[in-house]
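Chemist: Residues 0 to 753 (numbering that gives the first Met the number 0) make up the sequence shown, in order.
None of these hints come from the bench; they were simulated from the model.
Any given hint could turn out to be false.
[Claimed, not checked] Pairs of lysine-lysine, DSS-like flavour, derived with a Cα cap of 25 Å:
(1) K410 <-> K334
(2) K24 <-> K410
(3) K19 <-> K645
(4) K9 <-> K541
(5) K681 <-> K645
(6) K24 <-> K274
(7) K414 <-> K645
(8) K414 <-> K427
(9) K570 <-> K541
(10) K71 <-> K119
(11) K410 <-> K296
(12) K306 <-> K291
[Said to hold, decoys possible] Listed next, with one range per pair, are the computed distances between beta-carbon atoms:
(13) A596 <-> G63: 46 to 52 Å
(14) N231 <-> E113: 30 to 36 Å
(15) Q171 <-> Q75: 50 to 56 Å
(16) G164 <-> A685: 33 to 39 Å
(17) P556 <-> P10: 29 to 35 Å
Note that the structure is predicted; figures quoted are calculated from it, not measured.
Beta carbons: idealized from backbone N, C-alpha and C, even for Gly.
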Amino acid sequence: MDNEYTVIGKPRPIGDAALKVTGQKIYVGDMELPGMLYAKVLLSTVPHARIKSIDTSAAEALPGVKAVATYKNTPQVRYNSAVRFIEHKLPDTERIFDDTVRFVGDRVAAVAAESPDIAKKAVNLIKVEYEALPVITDVEEAIKPEAWPIHEGGNIVGTSRAEAGNVDEAFQECDYVFEDRYTTQAIHHAAIEPHVAIADFAPNGKLTVYSPCQNTFAFRVIMSRIFGLSYNRIRMVAPAIGGAFGGKLEVTVEPVAAVLSQMTGKPVKVEYNRKESILSTRVRHASVNYVKTGFMKDGTLKAVDFKVYTNTGAYASSALNVSGAMSHKVFKAYKIDHMRFQCQPVYTNTEIAGAMRGYGSPQVYFGWQRQMQKIADFLHMDMADLQMKNMVDPDSCDPIFHKPHGNSRPKDCLKRALELIDYEACLKEQEATRNQDIRIGVGLALGVHGNNCVGAHRDVSTPMLKMNEDGSCIYYTGSHDMGTDTLGMQMQIVSEVLGISMDRIDCLAADTDVVHWHIGDYSSRGVFVAGSAAKKTAEAMKRELQVEAAKLLETEPDDIELHHDRAWSRKNEEKNASLHDVMVHCQSVSMRELMVAETYEAKRGATSYGVHIAKVEVNTLTGEVRPLEYAAVHDIGRAINPLMLKGQLAGAIQMGLGYGLCEDMAYDGEGKPLVQTLKKYKVLRASQMPKLYMDFVETPQGEPDGPYGAKALGECPVVPAAPAVVNAICNAVRGEINELPARPDRVLAALGDK
Numbered sequence: 000m001d002n003e004y005t006v007i008g009k010p011r012p013i014g015d016a017a018l019k020v021t022g023q024k025i026y027v028g029d030m031e032l033p034g035m036l037y038a039k040v041l042l043s044t045v046p047h048a049r050i051k052s053i054d055t056s057a058a059e060a061l062p063g064v065k066a067v068a069t070y071k072n073t074p075q076v077r078y079n080s081a082v083r084f085i086e087h088k089l090p091d092t093e094r095i096f097d098d099t100v101r102f103v104g105d106r107v108a109a110v111a112a113e114s115p116d117i118a119k120k121a122v123n124l125i126k127v128e129y130e131a132l133p134v135i136t137d138v139e140e141a142i143k144p145e146a147w148p149i150h151e152g153g154n155i156v157g158t159s160r161a162e163a164g165n166v167d168e169a170f171q172e173c174d175y176v177f178e179d180r181y182t183t184q185a186i187h188h189a190a191i192e193p194h195v196a197i198a199d200f201a202p203n204g205k206l207t208v209y210s211p212c213q214n215t216f217a218f219r220v221i222m223s224r225i226f227g228l229s230y231n232r233i234r235m236v237a238p239a240i241g242g243a244f245g246g247k248l249e250v251t252v253e254p255v256a257a258v259l260s261q262m263t264g265k266p267v268k269v270e271y272n273r274k275e276s277i278l279s280t281r282v283r284h285a286s287v288n289y290v291k292t293g294f295m296k297d298g299t300l301k302a303v304d305f306k307v308y309t310n311t312g313a314y315a316s317s318a319l320n321v322s323g324a325m326s327h328k329v330f331k332a333y334k335i336d337h338m339r340f341q342c343q344p345v346y347t348n349t350e351i352a353g354a355m356r357g358y359g360s361p362q363v364y365f366g367w368q369r370q371m372q373k374i375a376d377f378l379h380m381d382m383a384d385l386q387m388k389n390m391v392d393p394d395s396c397d398p399i400f401h402k403p404h405g406n407s408r409p410k411d412c413l414k415r416a417l418e419l420i421d422y423e424a425c426l427k428e429q430e431a432t433r434n435q436d437i438r439i440g441v442g443l444a445l446g447v448h449g450n451n452c453v454g455a456h457r458d459v460s461t462p463m464l465k466m467n468e469d470g471s472c473i474y475y476t477g478s479h480d481m482g483t484d485t486l487g488m489q490m491q492i493v494s495e496v497l498g499i500s501m502d503r504i505d506c507l508a509a510d511t512d513v514v515h516w517h518i519g520d521y522s523s524r525g526v527f528v529a530g531s532a533a534k535k536t537a538e539a540m541k542r543e544l545q546v547e548a549a550k551l552l553e554t555e556p557d558d559i560e561l562h563h564d565r566a567w568s569r570k571n572e573e574k575n576a577s578l579h580d581v582m583v584h585c586q587s588v589s590m591r592e593l594m595v596a597e598t599y600e601a602k603r604g605a606t607s608y609g610v611h612i613a614k615v616e617v618n619t620l621t622g623e624v625r626p627l628e629y630a631a632v633h634d635i636g637r638a639i640n641p642l643m644l645k646g647q648l649a650g651a652i653q654m655g656l657g658y659g660l661c662e663d664m665a666y667d668g669e670g671k672p673l674v675q676t677l678k679k680y681k682v683l684r685a686s687q688m689p690k691l692y693m694d695f696v697e698t699p700q701g702e703p704d705g706p707y708g709a710k711a712l713g714e715c716p717v718v719p720a721a722p723a724v725v726n727a728i729c730n731a732v733r734g735e736i737n738e739l740p741a742r743p744d745r746v747l748a749a750l751g752d753k
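Sequences and hints are given; from them, build the entire structure.
Modeler: Next comes the structure, spelled out in structure tokens:
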């Protein structure tokens with residue numbers, strides 16, 4: 000696409016890349032405060048039990064130990080770790096420490112000591128006696144009437160529903176109806192940085208918490224509820240974040256650090272090791288999906304009915320958030336007038352499930368895209384043709400709200416992906432190896448994701464800009480940069496609007512005492528909402544600079560344009576001044592400072608689309624799968640930073656392939672996790688990745704309401720990855736795999752069906 004902009008659309012490394020690769024970036028784990036203590040948390044080794052007795056005397060007697068916290072001496076306020084804003088109502092099921100443990104990894108006690116080693120020794124001295132309770136790890140067992148209630152009121156957290164048209168009548172009119180069951184597993188976020196927090200209760204009673212989190216203002220709400228503090232008495236700061244993927248959107252270790260700081264009067268650091276992060280933080284919701292699709296002989300999809308159960312684990316957390324988000328994403332993929340969706344999150348004695356990249360879409364789209372392949376096979380129709388026939392167009396409307404999806408371009412994504420991977424050649428290889436031990440398979444899937452929270456709750460962002468007297472500026476934002484360079488993206492937009500070079504713009508972010516309220520960084524809202532807010536704020540500052548420059552250059556504000564760190568007269572280029580001179584005039588003559596803050600409200604939702612095509616090699620003797628080539632094309636409206644987009648897309652493919660092939664937070668029959676180390680968890684290595692072909696669909700008009708027409712990439716690329724690779728495997732073995740991950744034993748079982 001031709002680019003008429005100076006900064007927008009130009010590739011640039013992320014702002015802190017040099018600091019990261021040289022090891023100079025300071026993370027919370029690197030921070031040391033004067034007099035700081037170190038905490039260690041005792042985690043439950045049993046999946047469900049009441050604590051009959053807990054003896055902390057030996058730990059308390061150990062030299063260097065300053066406090067031991069249990070349910071007996073800490074606030075017993077129930078809270079929900081996924082609350083987003085002050086009026087957000089979710090089931091309050093968690094405590095810092097409880098007299099009942101509900102999964103292996105649940106918090107039992109914590110110690111604050113003068114060193115990590117002393118804290119570790121002390122934790123090992125705590126003696127706990129448990130009274131075992133029934134253990135349930137399967138959601139369909141948990142919903143049975145006779146199942147033991149893990150929480151009062153039963154094991155179903157709630158129900159999310161959405162419906163368009165008349166589904167039951169439409170099924171009666173279909174030529175064919177398929178109904179299938181699909182399951183997806185829990186997986187770990189595997190961010191490089193483990194969970195960590197430093198809390199400091201100052202002598203004046205103010206609590207400061209440093210946490211690599213995705214939502215400082217939400218964490219402030221939760222800490223206020225636990226400790227009974229007004230918001231001016233709590234400061235949440237998110238310094239560098241070493242990866243999150245949704246796993247740091249919810250409160251985990253922060254209340255532990257805070258309560259120990261309150262008990263000792265000293266700053267306290269809680270830093271989980273990798274095993275503790277795997278066992279005791281958050282996972283993606285496992286799910287059981289019943290998908291019923293009615294279709295016609297020509298491949299037209301007519302009616303779909305989803306019935307989904309998600310495994311929220313031991314506590315409610317984001318159970319209703321995820322099921323609610325899931326309930327509307329399925330209505331944006333295809334031109335289907337009759338659709339119904341129901342999801343029930345369910346308690347089990349497994350690790351708490353929370354936000355994870357894709358936020359429900361990977362689960363439900365796995366089953367749907369697998370069934371699409373089944374329909375294509377049944378009709379002797381190519382999967383690409385079936386997709387093209389049913390995908391939404393730019394003028395398509397949501398069947399529930401009858402509002403446009405936006406500038407939706409999944410068909411353009413499909414066309415480009417087919418070209419990138421040479422789809423016809425892949426199909427020929429697949430056919431040629433049909434009866435061989437080593438087979439080639441090619442699979443295709445569509446992914447869909449939103450761009451904000453509109454329809455679920457308010458979605459606003461309020462950045463602030465302050466000009467310095469030398470013509471440089473400071474940008475203040477509530478955004479949290481998790482490696483996505485969302486701060487750099489916003490600064491690019493500010494640079495484009497104000498004509499100030501990137502090296503003369505600095506940013507202060509994610510500090511509740513410094514920046515304006517922010518809803519948090521999730522729901523792929525970075526570009527579409529935060530970017531739009533940056534543009535609105537920069538445009539407000541531009542008007543102020545034009546007014547001041549016009550005084551200095553003796554012209555009218557509308558005559559002033561800004562670029563190359565200067566103000567210029569459009570009528571006479573010889574009349575110009577540096578922004579340094581403009582600001583000196585502002586301070587010394589006009590006697591004012593230039594500061595602006597603008598609130599941007601997202602008025603509508605937008606939808607991002609992507610099509611992935613996987614080519615795999617399947618060993619029919621061992622069941623092993625090797626991804627060979629992979630094409631991924633996404634509809635992003637307009638690229639703000641193409642280099643960052645490529646990095647985001649490659650990382651999402653790696654995450655999605657791991658979800659599809661090997662990652663699994665599984666449990667044995669007694670509720671004990673089978674994976675407790677990263678080595679056994681099996682994240683895909685670089686050497687296991689396929690050759691990638693990546694591209695983006697941009698259009699001159701871009702996405703309506705997006706800054707310069709841009710919309711999100713973020714979460715969407717995770718959604719089609721697993722079904723694309725599993726469809727490829729199934730096409731190679733001519734069988735069905737309806738469970739994730741597609742382990743070798745499941746591959747061989749699918750082959751055995753034929």
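Chemist: Which earlier hints can't be squared with this structure?
Modeler: 2, 16
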